[in-house]
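Trainee: In order, the protein sequences belong to chains F and H. Following the numbering used here, the numbering of the first sequence begins with 1 at its first residue and continues without gaps. Following the numbering used here, the numbering of the second sequence begins with 1 at its first residue and continues without gaps.
Incorrect hints may appear among the rest.
If you want the footprint, here are the derived chain F segments under chain H, 3+ residues with CB under 8 Å [stated by the list, open to error]:
hint, stretch
1, 60-70
2, 124-131
3, 171-178
Example chain F residues on the side facing chain H (calculated, C-beta under 8 Å, incomplete) [claimed, not checked]:
hint, residue
4, Pro108
5, Ala155
6, Met194
7, Ser197
Don't read these hints as lab results, they were simulated from the structure. A quick note: this is a predicted structure, and the numbers were derived from the prediction, not measured. Backbone N, C-alpha and C fix where the C-beta goes; we use that ideal spot for every residue, glycine too.
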Amino acid sequence: MRRALVATAFAFIAGPALAHPPPLGIPGFLGGLLHPAFVPAHLMAIAAFGILCGQHRVAWGIADLAAFAAGLAAGLGAIAVAYAPQWAGLALLVLALTSGVLAALAKPLPPFLGLALAAMTGMAVGLDSPPDTIKVDEANRMLAGTALGAVILFAVTRELSARLVQALARPWTRVGVRVLGSWIAASAALVLAMQLSR
Amino acid sequence: MGGFLGGLAHPVLGPDHIAAMVAVGLWGAFLGAPAIYLLPVVFPLVMAAGGVLGILGVPLPGIEIGIASSAVILGLMVALALRPALWIAAVLVGLFAVFHGYAHGTELPAGADALAYSAGFVIATGMLHLCGIAFGLLARWPQGRLAVRAAGGAIAIAGLLFLGRLAV
């Protein structure tokens, strides 16, 4: 009975799921794992926030990683009970723009703002990742893959950014990280304007 | 060609965009720190603001003239080795960034790969700046300084040709 309910629920969310089918046509866990890296809005939101966290790693510690994972779990949990809001894609663009601008500015930010951004980014990624299948087992595998893929992508970006900013500590590495932030913010702003103007 | 590669190719296929973006990089390198660091960070953001105006359909007159003029003026700044205050340079470059962004914004394709396309052309624009900055670093040496100023002059002349083409 429960399986039938979940399957019916996924059938209702089939519309938004078609927005980005499994990357490279790969289904299951691997498709979910690759999903955050192959959907541009997800990649940009996670990368922009990872860059920002790398710039603040000394001040924020690993709390941002925990908040991101918690937000992601909440978002994927909502998907698992068939809550897939249409606004999640727009929220990702807004978050990519916000994190990108903050990374480009490279000003110190209070930890609570970092944690709030972490939770929101994780949740938006989760909410915008409905599995493109109505088979419950495969959907669960995809959701698990997406959770792992998003956390890995975030952790890697965060670590690279921190190394460029702190370990190398050369002017060009700090500027390079800020340039990446501004590129992401610029791209997100343009697409956000396009979507809002429709 | 759509998606990321289409966006990447877009600025590179417009000689007026190439000339102006390279001139921005040249001038940034010529001005030295902090302009050389600020420029590649601020330009994409201001360009995006111009792009948003274009997407929203806010009327902005003289876009093509503004783009062609950017090559003339920025090229002249380099050729004449002018070093205004940082805020003046920032306002001037920012103004031209709005024109370039507006033109890009109106040409942004609708569809699922709009984000990949916009990322492509923002990155291509940044790469053109980097080309200008890399060449502009030659200004550390006397002969290199001459070469950089000559490049600025060539860009200004190209800008005049672009303006002349618009007048025809």
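Trainee: Where does the structure disagree with the numbered hints, that is, which hint numbers, in rising order?
Mentor: Failing hints, ascending: 1, 2, 4, 5.
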